[in-house]
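Visitor: Sequence lines, in order, name chains A and B. Using this note's numbering, you'd call the opening residue of the first sequence number 1 and step up by one each time. Using this note's numbering, you'd call the opening residue of the second sequence number 341 and step up by one each time.
Don't read these hints as lab results, they were simulated from the structure. Treat the numbers as computed from the prediction; the structure is a model and nothing was measured. All C-beta atoms, glycine included, are put in the ideal place defined by N, C-alpha and C. Among the hints, a few may not be true.
Said to hold, decoys possible - Partial list, computed: chain A residues near chain B (C-beta under 8 Å):
(1) LEU43
(2) THR48
(3) LEU253
Unchecked claim - So these bits of chain A aren't anywhere near chain B, every CB distance computed over 10 Å:
(4) ARG12
(5) ILE20
(6) ILE22
(7) VAL54
(8) ASP134
(9) ALA242
(10) LEU272
Unchecked claim - Across the chosen pairs, the derived CB separations fall in these ranges:
(11) A:LYS131 with B:LEU864: 44 to 54 Å
(12) B:ASP482 with A:ILE14: 52 to 62 Å
(13) A:ILE159 with B:THR756: 23 to 33 Å
(14) A:THR112 with B:VAL349: 56 to 66 Å
(15) B:SER717 with A:ILE30: 42 to 52 Å
(16) A:LEU205 with B:ASP819: 34 to 44 Å
(17) B:ASP482 with A:TYR135: 38 to 48 Å
(18) B:GLU741 with A:TRP21: 43 to 53 Å
(19) B:THR721 with A:ILE329: 40 to 50 Å
(20) A:TRP74 with B:ALA818: 49 to 59 Å
(21) B:GLU777 with A:GLU302: 25 to 35 Å
(22) A:TYR145 with B:ASP413: 23 to 33 Å
(23) B:VAL349 with A:ILE14: 47 to 57 Å
(24) A:TRP198 with B:ASP413: 48 to 58 Å
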Amino acid sequence: MSSSLRRFLITRLILTIPMIWIMITLVFFIMHVLPGDPIRSQLGPKGTPEQIAVIRERLGLDRPIMVQYGDFLWKTITLDFGNALTQGERRIKDELGERLPATIELTIPAMTITAFVGISLGAYAAKRRKKPEDYGIRVFSIIIYSIPVFFLGLIFQIIFSVNLGWFPSAGRIDPLLLVTFDSPTNFYVLDSILTRNWPALISCLQHLVLPSVTLALALTGVYIRLTRVNMIEILQTDFITAGRARGIPERMLVYSHALRNTFIPILTLIGLEFAILLAGAVLTETTFSWPGIGLYLVRRIELRDYTAVTATIAVFAFFVAIISLLMDILYAFVDPRIRY
Amino acid sequence: MKSKKIFVVLSLVIMASMLLSACAQPTAAPTEAPAPTEAPAVATEAPAGPQQIWTKELRQAVAASIDREAIVDRVFQGRNIPAYSSVPEGYASMKESFLDKYGTRDLQMAKDLLTAAGYTADNKFAFDLWYPPEHYGVETADVMQVVKEQVEETGLITVNLQSQNWAEYVDSFVAGSLPFFILGWFPDFVDEETWTSPWADCEQSKGNGGFYCDKEKMQPALEAARSETDAAKRADLWGQVQDLYAEDVPMIPLFWEPEFISSRKGVEGIAIGAPFEFNYNVLSFSDDAVPASGDKNTIIIGTTDEVNSLDPQDAYSTHDWEILKNTGTALLRYKPGTAEIIPGTAESYTVSDDGLTYTFKLFPSIKYADGTDFKASEYVTMFNRWSLGGQVGFLPLTYVESVEAPDDMTVVYKLTGSYGFFPAIVAMAPFIPATAEIPDDALLQIPTKIDGIGPYKMVSYDPGQQMVLEANPNYFGADKPFIERVIVKYYADPTTMSGAVESGQIDIAWRILGPTEATRLSALPELTVSTVNAPALRYLVFNVTSMK
Chain A
1 MSSSLRRFLI TRLILTIPMI WIMITLVFFI MHVLPGDPIR SQLGPKGTPE QIAVIRERLG
61 LDRPIMVQYG DFLWKTITLD FGNALTQGER RIKDELGERL PATIELTIPA MTITAFVGIS
121 LGAYAAKRRK KPEDYGIRVF SIIIYSIPVF FLGLIFQIIF SVNLGWFPSA GRIDPLLLVT
181 FDSPTNFYVL DSILTRNWPA LISCLQHLVL PSVTLALALT GVYIRLTRVN MIEILQTDFI
241 TAGRARGIPE RMLVYSHALR NTFIPILTLI GLEFAILLAG AVLTETTFSW PGIGLYLVRR
301 IELRDYTAVT ATIAVFAFFV AIISLLMDIL YAFVDPRIRY
Chain B
341 MKSKKIFVVL SLVIMASMLL SACAQPTAAP TEAPAPTEAP AVATEAPAGP QQIWTKELRQ
401 AVAASIDREA IVDRVFQGRN IPAYSSVPEG YASMKESFLD KYGTRDLQMA KDLLTAAGYT
461 ADNKFAFDLW YPPEHYGVET ADVMQVVKEQ VEETGLITVN LQSQNWAEYV DSFVAGSLPF
521 FILGWFPDFV DEETWTSPWA DCEQSKGNGG FYCDKEKMQP ALEAARSETD AAKRADLWGQ
581 VQDLYAEDVP MIPLFWEPEF ISSRKGVEGI AIGAPFEFNY NVLSFSDDAV PASGDKNTII
641 IGTTDEVNSL DPQDAYSTHD WEILKNTGTA LLRYKPGTAE IIPGTAESYT VSDDGLTYTF
701 KLFPSIKYAD GTDFKASEYV TMFNRWSLGG QVGFLPLTYV ESVEAPDDMT VVYKLTGSYG
761 FFPAIVAMAP FIPATAEIPD DALLQIPTKI DGIGPYKMVS YDPGQQMVLE ANPNYFGADK
821 PFIERVIVKY YADPTTMSGA VESGQIDIAW RILGPTEATR LSALPELTVS TVNAPALRYL
881 VFNVTSMK
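Modelling step: build the complete structure from the supplied sequences, incorporating the hints.
Guide: Structural data, given as structure tokens:
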């Protein structure tokens, strides 16, 4: 690794800290400014004002705001995060430890499928520009982009789960298998491989198919369009013409030479979408009852669970920073012209 | 230089946020609310005077102009049940007092009352009507629109519909900022008390945003009814309370929302009655049933509910109480599918002449699922735990003054007053003992397991996925479970859940199935759909302290 790249990485990692601090501070104060209250939102009209006051005191919500902020900041720095204020008041670390792996396990195959399908179709459409295949792929990309993801999920559920019975409609694993399944990391696929629990692995993969394909297809339209447009531009450059003149096969020109040059904008898109998906998979998680972090965050915002929301966003901010850093590193490998 | 400017701007933004939150009230009033009233949270009586919005005559006028049948037909296609009393059907005392006084609708009466109050077509009576758009289902907005149209048909009223999301809405009505608003109600126990006092009792009405208090007639009527121990006399007294409700209108009951439960053919024993308890131990499979799990020893029940707390002295939601009542037993309980009270841990009980002392005799040899003996002293621990700051602690403490366990088999409760419905109180979840894992001096909402004294024990819980219950080998009751294992599977979406019961991935789809899915599933031959006349009431509350 060159010294300039090393310097670049260290600077970016250090800058991540103030970035996360600013974000969580903003979220903390905004959550407290928002009308609504975690206690009342659970109890509703039941519960006397005296009872509410007792619960607020027990949860430390009656302390001055700066004391609560300081406490929250300390817990974040020590990676403790404290306890949630609602839904069982569990340790947020435990809840994130359950939810985050579930979303990552959904997102990785979804992103893989979408990148593979989107880039392949986009490259093929560019190669067959103005031919029927090009038009067909473009129409497909518009349709798939327009369909709301939860509607797509519902259609898949009805066809493949309810009518054909090929795949389960909800959850991460068969209920009976979950009774005895041991998953220390909460990455079910990984843990089933490590423990050689083949029935669990098969069940996990079966449960992954519909939600990851739904999520993947919902994103594919953008990849198709972006790849196609960039490919068309590259295919018109001099070096491609020269390659053709030298007799290099068209297939090699498109998929080995031209495609590599379209990767910069596509990498950017992958990085952006991966970060967004961590929270944005909420619609897919709802449709398939996938116990991920998007669903968790939405629910806790509804309940005004200050600690859970701010801790979750702190974790998101960290992930976004790391992913964006990884993308920057990948640029340097993909494009030799990029120097830091 | 440029980066310096960026840091300065960012710092200013952060400081502004900190200042803003430091100045913000803990519960901010809604920006669209009418001007907050003079009434503080401890007001016990509606302030009199010409500036008060809600006089009795105006409340009666609104009540007379509402047509519940039309609401139920237009919004729910007739699925819901018009409510002419706040007391549900099935209670001995139930009287359709609003029907007696106003018929299904009396527009002329409404007009006469409004005219007598001085309102004309040019000078209409105007008020804001509030609702939460999401909390009670998306149809709420439609319900409010229909109410608005009905009330405006008098030609003498203008209704301004306003909405707020749930978290803010609760703060607003408790603070007394909403003059007229819709709420839903679920009972805590099976007695008319929980269906009448919350909006008509001087103390309880404050917490429900109504601030109603009538010390001349309503309050004495409530107190007489709740302290009467003779069932027939009590029914008569509650009937009088319902008549006063229709006369004085502290709130307007609108309709009852049924719940639906769908099961695969071959699943038997589903019995959910007025107490709204779902007893898993009476479920069974017929010989030709095809269980979702492939195994007749396991039944899978789907739900879109979430677990909030499994500490019996904290839990205060329907689903939590369902789990607690299947893994634990209160002093008394209900015969499945009925409102008949039968022994729980208590074999029998006696009441003192003044109605202030209840003495319960426990069954002998009750053991926890882990084999530990259960003793009467647990009820003293339970009493102390109600003061730990849980969500439900205040509820039993409203009625219980103190408790003693003179020996291992006897529990003596001294009450804060004479309550004829105390047997229904001790059938609630707060009277279920906490298990060994839960400390005596602190709450533990999510224990890793529940080795209780109920027909089942909870062996595992994966949040957002499922909970597994297994038959308790040490259960003391005669009604041991037919099915060895119950898996409660958690869904995020009722449509997915209904698809799962349709395709046989689960055996039962329970709360909250919703009327749309229930109607769809009822057409399928492999499923049975039952309506549970759930005691879920929707009603409109007048904040009688609202000022113009």
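Visitor: For every hint, state whether the structure bears it out.
Guide: For each hint, the structure was consulted:
1. The beta carbon of LEU43 (chain A) comes within 6 Å of a beta carbon in chain B, closer than 8 Å, and the hint placing it at the interface holds.
2. Hint status for THR48 (chain A): holds, given a least beta-carbon distance of 5 Å to chain B, under 8 Å.
3. Checking LEU253 (chain A) against chain B: minimum C-beta separation of about 43 Å lies over 8 Å; hint violated.
4. Against the 10 Å criterion, ARG12 (chain A) stays outside the reach of chain B, whose nearest CB is about 15 Å from its own CB.
5. Chain B leaves ILE20 (chain A) outside its interface by the beta-carbon criterion, the shortest separation being 13 Å against a cut-off of 10 Å.
6. Non-interface status of ILE22 (chain A) relative to chain B is broken: a Cβ of that chain comes within 10 Å, the nearest being about 6 Å off.
7. At roughly 5 Å, the least C-beta separation between VAL54 (chain A) and chain B is not larger than 10 Å, which violates its mark as non-interface.
8. No beta-carbon of chain B is positioned within 10 Å of the beta-carbon of ASP134 (chain A); the least distance is around 37 Å.
9. With a least beta-carbon separation of about 42 Å from chain B, ALA242 (chain A) lies farther than 10 Å from that chain, consistent with its non-interface assignment.
10. For LEU272 (chain A), the non-interface assignment is confirmed: its Cβ lies about 22 Å from the closest Cβ of chain B, beyond the 10 Å cut-off.
11. Between LYS131 (chain A) and LEU864 (chain B) the beta carbon distance is about 47 Å. The supplied range of 44 to 54 Å therefore holds.
12. Checking the proposed 52 to 62 Å range against ASP482 (chain B) and ILE14 (chain A) shows it holds: the Cβ atoms sit about 55 Å from each other.
13. The supplied range of 23 to 33 Å is broken by ILE159 (chain A) and THR756 (chain B), whose beta-carbon atoms lie about 60 Å from each other.
14. For THR112 (chain A) and VAL349 (chain B), the hinted distance range of 56 to 66 Å is not satisfied, since their beta carbons lie about 40 Å from each other.
15. Distance hint check: the CB atoms of SER717 (chain B) and ILE30 (chain A) are about 49 Å apart, consistent with the given range 42 to 52 Å.
16. The hinted range of 34 to 44 Å is satisfied by LEU205 (chain A) and ASP819 (chain B), whose Cβ atoms lie roughly 42 Å apart.
17. Distance hint check: the CB atoms of ASP482 (chain B) and TYR135 (chain A) are about 44 Å apart, consistent with the given range 38 to 48 Å.
18. Between GLU741 (chain B) and TRP21 (chain A) the C-beta distance comes to about 52 Å, which sits within the given range of 43 to 53 Å.
19. Here the CB-CB span from THR721 (chain B) to ILE329 (chain A) is close to 59 Å, at odds with the stated 40 to 50 Å.
20. Taking the beta carbon of each, TRP74 (chain A) and ALA818 (chain B) are about 55 Å apart, inside 49 to 59 Å as hinted.
21. Taking the beta carbon of each, GLU777 (chain B) and GLU302 (chain A) are about 30 Å apart, inside 25 to 35 Å as hinted.
22. Distance hint for TYR145 (chain A) and ASP413 (chain B): a CB-CB separation of about 41 Å, inconsistent with the stated range 23 to 33 Å.
23. Checked against the hint of 47 to 57 Å, the C-beta distance between VAL349 (chain B) and ILE14 (chain A) comes to roughly 21 Å, which is inconsistent with it.
24. Range check, TRP198 (chain A) to ASP413 (chain B): Cβ separation about 56 Å, and the 48 to 58 Å hint holds.
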